[in-house]
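Asks: Spelled out, the chains give:
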Amino acid sequence: MTVTRVPANLYTAVQRRRNRGLTGLYLVVAAFLVVYAILFPGLFTIGGFSKFTQNWFPLALVTMAQALMMLNGGISLAIGPLVSLGAVIAAVTMGGPLGVLGGLLAVSAAGLFIGAATGGIVAYLRLPAIIVTLAGSFIITGIALLLLPRPGGYIPDWFSDLLAGHTPVAFGLLVLFLIGWKVYLATPLGIGIYAAGNNPVGAYRSGVPVERVKVFAFALSGLLAALAGLFVAAQTGSGDPVIGTPFTLNSIAGAVLGGVAFLGGRGTMRGVICGSLLLSVMINVMFFLGFPPVAQYVAQGLIIVGAVAVPQLTSQWRAKP
Amino acid sequence: MTKTKPLLEARRVFKGFFGNPVLKGVDIALEPGRVHALLGENGAGKSTLINLLSGALQPDKGNVVVDGQPVLRFSPAAAREAGIAVVQQELSLAAELSIAENIGLGALPRRFGLIDYRALSTAVAEVCERVGLTEPLDMPVGDLSLGRRQMVEIAKALFRKPRVLILDEPTSSLSAHEAGILAGLIRKLRDEGIALLYISHRLNEVQALCSHVTVLKDGVVTADQPLAGVNDEGLVRLMVGRDAGDLFPAWQDNPVGNELIGLEGFSAGMARDVNFRACAGEIVGIGGLVGQGQEDFLLGLYGAIPASAETAQIAGRHRPLKNVEAANGAGLAYVPADRKHEGLVLPHSIASNLLLPSLGDLVKHGLRDRAAERKRVADLTRRLTIKGDVGRPVQALSGGNQQKVALAKWLPLDPSVLLLNDPTRGVDIETKREIYLMLQSFAREGKLVILLSSDTPELVHLCDRVAVFREGRLATMLPRSEISEEAIVGAAMGLSAKGAAA
Amino acid sequence: MNAIKAALRNPPLLTLILVVLVWIIAGLTLRGFGAYGHLRYLLELSAVIGIVAAGQTLVILMGGIDLSVGAIITVTAILLPLISPEADPTGLVGIVLTLGIATGIGLLNGAGAAYLKVPPIIMTLAMATFLQGMLVIIAGGSAVSVTNAAVIWLGQARPFEVPAGVLLWVVVSIVMLIIIHRMPVGARFLALGANPLAARLSGVSVGRNTLLVFALSGFFAGLAGILILGMNRQGYVGIGAPYLLTSIAAVVLGGTSILGGRGTYAGTIPGAILLVTTTALITVVNASPGWRSIMFGSLILGLLLISGREARR
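Protein chains in written order, with this note's numbering: chain P, 1 to 321; chain E, 322 to 823; chain G, 824 to 1136.
Bound-form chain P, shown alone (with noise of 0.2 angstroms):
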């Protein structure tokens, strides 16, 4: 006999719990996202709404990747050079006698190592998250100078242009990553991210397998920082071993905005896709405003700060008696 306080659907129920508080974020971007249809009524076309998803589509993934290491309770300072080696890698494989296929699996295959080796030092060696990544930043970046001095290397044009060219593949390509990343954190090594980032000790003692719920989470945080840089190469038909460099800023960004807690164990798929989002409609509706480049910088900053600043405010103003 179950009782009626169990809801029929549990797991449909946690996430509503999980989620709430949203709300606020939902109305910023469905705002923003107006103001950008109005600029740009391009975007209900096709072709403007692929150049739209393709823009989004590699901060979404970084955004994913710091997500996942933020939910650990680490942050990576790593991200910008994995999506460097991600299209350095794919420039000079692609190239190779094993094609486009070759050059995807030895993406894959170097983000998922970078990511297990990084936290495997995290996890068995109890280094913080931030220095390993800071430290191996430099080593990631000297990987893929070597690989490639300077811009340049290989990528099939009928690749970039399935990938970037005027069909949104990859608005398809995203909500295969979200339906993957969903299912991932419905597993127990997935709930057991937030467990870990939560209370680790107290994780450890329940018997989850602290460890390896790291190495995995950190593994598949590679993976997905590394396919951003393939996903890059792609739209700019090569390789460049710094291109990647902006994306340690933007994937904290996005991952802040979408309410990602800097704690571990907090944050939600939803939160970090709207925060991506919100990041990829802010550069749009900035650069079609007219503004320089590093006006996006000032307003991006200022952004940044408002986004943890105005919940911690308006938390404490109600906290008032």
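Source of the hints: derived by calculation from the structure; they are not laboratory data.
Just so you know, even glycine gets a beta-carbon here, dropped at the ideal spot from N, CA and C.
Covered, in the sense of this in silico footprint (three residues per stretch, anywhere, with C-beta under 8 angstroms from a C-beta of chain P), are these stretches of chain G:
no.	stretch
1	930–943
2	1071–1078
3	1100–1114
4	1120–1128
Quick list of simulated restraints, FRET-style, between CB atoms:
no.	chain 1	residue 1	chain 2	residue 2	range
5	G	LEU1020	E	LYS696	26 to 32 angstroms
6	P	LEU176	E	GLY434	15 to 21 angstroms
7	E	LYS345	G	LEU1128	36 to 42 angstroms
8	E	ARG432	P	ARG126	31 to 37 angstroms
9	P	LEU176	E	GLU792	50 to 56 angstroms
10	E	SER466	P	GLY180	36 to 42 angstroms
11	G	LEU1020	E	GLU792	25 to 31 angstroms
Assemble chains E and G onto chain P, guided by the hints.
Replies: Just chains E and G, lined up with the frame of chain P:
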């Protein structure tokens, strides 16, 4: 009499840390269908013994024995396999995850590699039913009060259908009602043939629930016997090793001085519309069920959370204090209940913890005066009988000594109002008594002591008046003549004082 | 044996021993390494990192991190030539003004962290982004040359054969050690870093100390920026970028916990020297930029494995 075979034993186990022996050849045997009490002062080695029994630590010498078989290389995983579950004092919950996910964590049912939420919800609903958790299963644990979280922790242990259940001070943050449910549950589990180990500092609970007792003192078993026929005094004697005398010192009638606190319509956090007066030389108790706004009341007085009032007079200031510094300046000091997270800077030394609040006044030419600091630390440790090297991190101290440090650090400021939040929680009997005596001497010196306590006998024996909180409001103020356990509990439950006393 | 154990448990000492070992080995095997001029040059470079890392040490001790030091260095290096008044032949006015601005930026960081409750890592990251944009808008993209006499003296002079920058570092080190070990604020920073809640309930003001610590970090970054400008004689956008990560690395190499609450500037000093020395050695090997980057990263990682490990919390 049939001799039942123990499910879990420790045989002559030794364990030391950094050369300090903590357990010196301890035996304990947990038998099915018996509630076994483990008593001992803090620092006697109880936690270490629990960690050995649950595989978190390995003994240096001796064996842990499961079903009569000595196990080599015991680990938490192996302990879980063997059906051993532990409810630790430190909760193992993840605040962001739901009740159901927390209870299932580490043993989640799965289908095709994914968590089977349907199976999880049925299984979890069943254990929640048993422990009386009525909150929706999808609620994040972070939204629950400490007491409810403790119940989730217990449900989590039961979820694994243990054969051996170890409970380490399970009632320390529970309300009387919850503790009652837990007691019923423990009896039911006992009747089902589960072996239980129950650790508590509350002797009345031990008397009510347990049938066998093991007493640890300084890492040695001083008693391993049935509880029948042993009274509280006997237990205390076993733990302390001598006659402890009365736990509570006799109540003292101190002259009452000026009004130090006078509040009308005071609100802070959960505490609403409180009218409260207290004078120098008084010990005023604050009671009630857990989480009725008592803590917020203290924090609001202390300026740690925003507070408002229609009229207020706090140690000469005529509005609620803006922040902790202002409160310290006005002569208020606060000792938090959670000394590990709020009271002390655990990794720092005893000396730096003792000096932290009064750092500013031992300064010569802008620099810290080391000699004066050393003198102050030596003076405080002597007055509070804190032994050993003051350079040790405070986390190396036992709970009782940590609490002494948390209290002692305020003495140099010579506060006129002491706000104490459950100062004897998880503190051994000897230290409890020392703390009680200290509170009385504070009152004698003309300080105001406000004592929030979840231990009702404490309020009864020490306080001049007891304010009972209920649903954020000050429900009843009991004068000395009317203070009794019945009256406090009755007022906390919302009965009128007379009705409860009758 | 016991001495080795004690050294392993004392990260500043460990780092110092490592520096000495590296210097001895490199001095014996590499021609020119042990020359006075070369060692002096290494110390001069270490001084810059050491001064940036001074502020960073305080912030990290208090449980934060300052990701804006690179941007603050750039701001000072570019603004100083622009705002130094012509009428002042000593150049001191320009220096005071610039340090004021750097400290002000630090104060803003502190205000964001303390009153807007933005986590320091985000606040300073956002500040760095913001400054990066502002700089280009204000100063354009071109490099500016410095004519300020005091700044040039600081970067170039060698009283008693010791570079002025190194002397400045000695002064900074003394001040830092006094702040951390001999003043009440130092103990308060450490308490806040180890347990902010307990520190607050013990009457330690979170707001005031956060403001102070970030202002100091801004000040020291500004000081380092002036020194760099003097050594380089030119300021340009991006001049401060390399110093962000190296300042953090120097702090952590010195055994200060990245999580806050434990550590000392006495470790950061050898940490900075070690960092500069390894970079110099990598340069000596004459490898491609890729290899250099890999070696640098691996070395930091290796050194961290020795000195920066966190106990399970």
